[in-house]
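Colleague: Let's have the full structure, built from the sequences with the hints guiding it.
Protein chains: 2
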Amino acid sequence: MKADIISIGDELLKGHRINTNASFIAIELGRIGIPVSRIITCSDDPKAITDTLTASLGEAELVLVTGGLGPTRDDRTRTVVQELLGRGLVFEHESFERITEIFRRRGRDVTESMRDQAMVIEGSVTVPNTKGTAPGMIIDCGDRFHNHHLVLMPGVPSEMEAMMKLTVIPFFAPRSGAFILHTPIMTIGIGESQLAGMIVNVEDGMPARTTLSYLPHAAGVSLMVSTSGGSRQEVEAENRGVVEAIVTTVGSFVYATSEVTLEEVVVRILLEKGLKVAVAESCTGGLVSSRLTDVPGSSGCFLSGMVTYSNEAKEELLGVDAETIQQQGAVSEAVAEEMACGCLLKSGADISVATTGIAGPGGGTSEKPVGMVCVAVASRSRAGALQVEASTFSMHGDRHTNKVRFSEAALSGLLDRLRSVFS
Amino acid sequence: MKADIISIGDELLKGHRINTNASFIAIELGRIGIPVSRIITCSDDPKAITDTLTASLGEAELVLVTGGLGPTRDDRTRTVVQELLGRGLVFEHESFERITEIFRRRGRDVTESMRDQAMVIEGSVTVPNTKGTAPGMIIDCGDRFHNHHLVLMPGVPSEMEAMMKLTVIPFFAPRSGAFILHTPIMTIGIGESQLAGMIVNVEDGMPARTTLSYLPHAAGVSLMVSTSGGSRQEVEAENRGVVEAIVTTVGSFVYATSEVTLEEVVVRILLEKGLKVAVAESCTGGLVSSRLTDVPGSSGCFLSGMVTYSNEAKEELLGVDAETIQQQGAVSEAVAEEMACGCLLKSGADISVATTGIAGPGGGTSEKPVGMVCVAVASRSRAGALQVEASTFSMHGDRHTNKVRFSEAALSGLLDRLRSVFS
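Sequence lines, in order, name chains A and B. Quick note: the first sequence uses my numbering, first residue 1, plus one each step. Quick note: the second sequence uses my numbering, first residue 1, plus one each step.
Don't take each hint at face value.
Remember, identical chains collapse to one label, so a pair may be satisfied in a single copy or spanning two.
[Said to hold, decoys possible] Derived pair list, reagent style DSS-like, types lysine-lysine, alpha-carbon separation capped at 27 Å: (1) K346 - K368; (2) K346 - K276; (3) K131 - K368; (4) K346 - K273; (5) K2 - K47; (6) K346 - K165; (7) K368 - K273; (8) K165 - K273; (9) K2 - K165; (10) K276 - K47; (11) K368 - K47.
For the record, the hints were derived by calculation from the structure and aren't laboratory data. Predicted, not measured: the structure shown is a model, and the values here were computed from it.
Modeller: Structure follows, in C-alpha cells:
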C-alpha cells in the first residue's frame, strides 16, 4: 500500500505557513508500514482540488487530504469530493451532537451551519473530531478509482493529529501488510561529514531493507535508521544490528537512540541521582536555563539560573574577580570557571555550568572571533571537593544558531560530568 | 506567470524533515508577483522525478526544483532532466574553479567527482553556488514544453536561499509582469476568533485584489494583507488602505506592521531611550531573557536575568519576602511584584519584568490551574519613583506553548510600560 498526502490551502502556497501536517502524517503512516509517494500542496480552487485528487486516486491506494473542511467559504473539499465521486451527503447524528455541545458551552444557539458541518459523504466511515467541530471521513472510492481509499481531515493540526491517532491509523494498520521501524541516533559534538566518514563501512555493508538518513539541525546531526519488511521480528533484528554497529563506531558522540532531547537526558539523570543544578550564562542569554526548564519535572532539579551579560553582573551576582576579567577578558576559560564556581557556591547546587562567548554579529576580534565560546562545568564530589573545568569551542553560525550551539555545548558538558563523576 | 515548486527527497516523504525550502521559495516568488500553483514533494526515484517534472512543465510557466543535485548516488535530478529534454552536459569553468578552490582550502586533491559537479545542462544559465559546490541551473525547456522555465537548485537550505536571492529572483523579476505586496500585522494578546470578529466589516468590504490570511502561532495570531496587481502604485495604495483600516479597528493589539518580533521591538525602544532592563523569571525558566538576548545589540540594554525556580532562590537572589510566598503562594501577583522590584533594585536597571506561574503538566490546583501566570513590570520614573504593577493571565497550552505565551505576556508588559511611561 502506498499513500499520497494532499494539503489544501492558499496560505501554504504563499509560503507564510509551513506544511507541518504532511510531515506528521508521513511519520504516522511510516510507523504502520505505509510509505508516502508524494506530498502535494494545492490551492483552494475546486478545479485544482479535483485535478489533484483525480491524479492521486488513480495511482495511490491511500490518499489523505487535509484542509478545506470547515464552516467558511474557503472550505470546498467536501463538495469537490461529492462531485468527483457522484455521492450525496448524509446527516451524522453523533457529530451533530458533539458540535452543538461545543457551541452550547460557548453560549451559542444551534444554527444551520452546525447542521451542515455534521453532514458526511454517503458511504464513508466517519472520523470523529475530538478537538473541533467538522468530522473527518474515510471513503472507499469505488470501482472507478480501483477501490482506493480517500481520507478527509481538517487542516487544523491538533484536530488532524487526534483524528490520525484515534481513527485513521487504527483503521489502516491492519490493512498495510508491512512493518517499518525507524530508530533515531542522537549525536552531539560531531558534524555531518565527519560522522559520514566514520560510519562509511557500516553504510556500505548495510542490509538492503535498511536505509540511513542524515538529519542535520542547528546544533548538529541526528541519524535515522529505517528498516521495512513483512515480519516484525526480522525488521527489529535487522534494525537493531545496524543501530548497534553505528553506536559501536561513534559511541562517544551518541547521547541517545530514541527521540529525546539533550536537556531531557540531562534532567532525567539529575532527577535519578537526586542532584541539583544551577546555570550561569553570558552569551547564551538564558537559553540553557530555558532548555532545562522546558523539561516537565525540571523543577525537581533546577535551582536557579543567572544571566550575567554585563561585567558588573558577573562580578556582583557570581563573584567573578574584576581582575580576572581585566586580565583574561570576559570571554575566557578563567572567567567561565569563576562563573561556574560562583554559581555553584551561591546556589548550593551540586553541579553548575557557565557560558561566556561571542554570539555575534558584533563583538568579535581576531583573537576572539564571533562563534567562540568558553564553557565551564563545576561540581562537588560526594566527598565535598570542588572540581571545575573549562573548554573552548568555535561555532560558525549566525547569532541564533551560535546561541543554540553554545547551549548544546553547555548541556553536553553537564552530561559528560554527570556520567563521569556522578556515575 | 505561475510557478510549481518540486522538492525531491525521500527524507521529506518519510516526514523526518519538514519542507521549509518550499515556503522560502514561495515567499520569494510572491514578492516579485509570481503565485505558486502547486508544491510537490516526490521521491529520489528517476521515474517519479520524470513524471512529476513532465506534469508540472506542461502547466506551469516556471518550475523550481530543489534536491538531488550533488555528488552522491541519490543525486539524480540532473540526469533525469537531461534525458527528459534530450540535452548533453557542458563543462562550466567558473563553477569548477569555485569547487576546486573550496576543496583545496580543505586540503583535498582535485578529483573526477569535482569535475562532474561542474557540468551543467546544455543551454542553461548557470546559477553560481556561493555557499557550496554544485551549481544551479535556469533552463528554457524549449518548444516541447512551451518554452517554460525550469530551475534546478540543491536541497541544502543555505545554498538554495543564496541562489534564489542572488540569481533566480533577479532573473525572473523583470519577467513576471505583476506585482504583489504582503504586509504583516503583528498582534499580541488576542486570539484568532476574537480578532476575526472585530475586523469582519473590514474583511467584507475588502477590495477584490486584496486577501487577508490569519497566521496563528504559539503565542497568538498574525495577519497578512496581500494585494496583487499590475501597477506598483495601485497595489501599494490598496494594500495600505486595508492595513490602515485593520490597525484603526484593532490598534491596541497591534505591535508592528512589519516582520519583527516582539523582543526586537522591545530592544529597539530600550536602545533608543537609553534604558537598561533586567528580568526575573520563575515559570518561563530563562525564556524571556533568551528572547531578549536573541536580538543583536541587546547587550547594550540587557543587564541581567535571574531564573529563580525555587522559593529559596526567589528569597535569596531577589529578596522576596518568605511571608509573602507563604501567605499568597509562589504564584501570585504579590510575589511577581516583589520579584520585579527586587530585580530592579539589585540590578540597577530602569525597568524590569518578572514571571511566576504554572507551565504544567503538573503543579496545578483548582484555584491556580496549569496555564496561570502572574507578570509584574517595575520601573523607575525619571523623577526616581518606583512603579510596579502585576497582571494575571490564563493560557491553555502544553508546557512549551505555555512557556512561550507566558514570555509573550512578559514582553508585552515591558512594551506597554515602555510606551506609556517612558514616552
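Colleague: State whether the alpha carbon distance between K276 and K47 is at most 27 Å within one copy, between copies, both, or neither.
Modeller: Answer is neither: 61 Å inside a copy and 57 Å across each miss the 27 Å cutoff.
Colleague: Within, between, both or neither: how does the pair K2, K47 come out at a Cα-Cα threshold of 27 Å?
Modeller: both (24 Å within a copy, 16 Å between copies)
Colleague: Between copies, within a copy, both or neither: which fits K368 and K47 at Cα up to 27 Å?
Modeller: This pair counts as neither: shortest intra-copy Cα distance 59 Å, inter-copy 51 Å.
Colleague: When no copy is named, should K346 and K165 be tagged within, between, both, or neither for a Cα gap of at most 27 Å?
Modeller: Answer is neither: 47 Å inside a copy and 50 Å across each miss the 27 Å cutoff.
Colleague: Should K346 paired with K368 be assigned to within, between, both, or neither, using CA atoms and 27 Å as the limit?
Modeller: Answer is neither; intra-copy 29 Å and inter-copy 31 Å both fail.
Colleague: Could you figure out if K346 and K276 sit no more than 27 Å apart (CA to CA) within one copy, between two copies, both or neither?
Modeller: Result: close both inside a copy and across copies, 13 Å intra and 25 Å inter.
Colleague: Up to 27 Å between alpha-carbons, please classify K165 paired with K273: within, between, both or neither.
Modeller: Close neither inside one copy (35 Å) nor across copies (51 Å); limit 27 Å.
Colleague: Are the CA atoms of K131 and K368 at most 27 Å apart within a copy, between copies, both, or neither?
Modeller: between (52 Å within a copy, 24 Å between copies)
Colleague: What label fits K346 with K273 when the C-alpha limit is 27 Å: within, between, both, or neither?
Modeller: For K346 and K273, only the intra-copy Cα distance (21 Å) is at most 27 Å; the inter-copy one is 34 Å.
Colleague: Checking an output row: K368 and K273, CA cutoff 27 Å. Within, between, both or neither?
Modeller: neither (37 Å within a copy, 30 Å between copies)
Colleague: From the Cα coordinates, with 27 Å as the cut-off, is the pair K2 and K165 best called within, between, both, or neither?
Modeller: The answer is within: 19 Å in one copy meets 27 Å, while 37 Å across copies does not.
Against the hints set out earlier in the document, violations occur for numbers 1, 6, 7, 8, 10 and 11.
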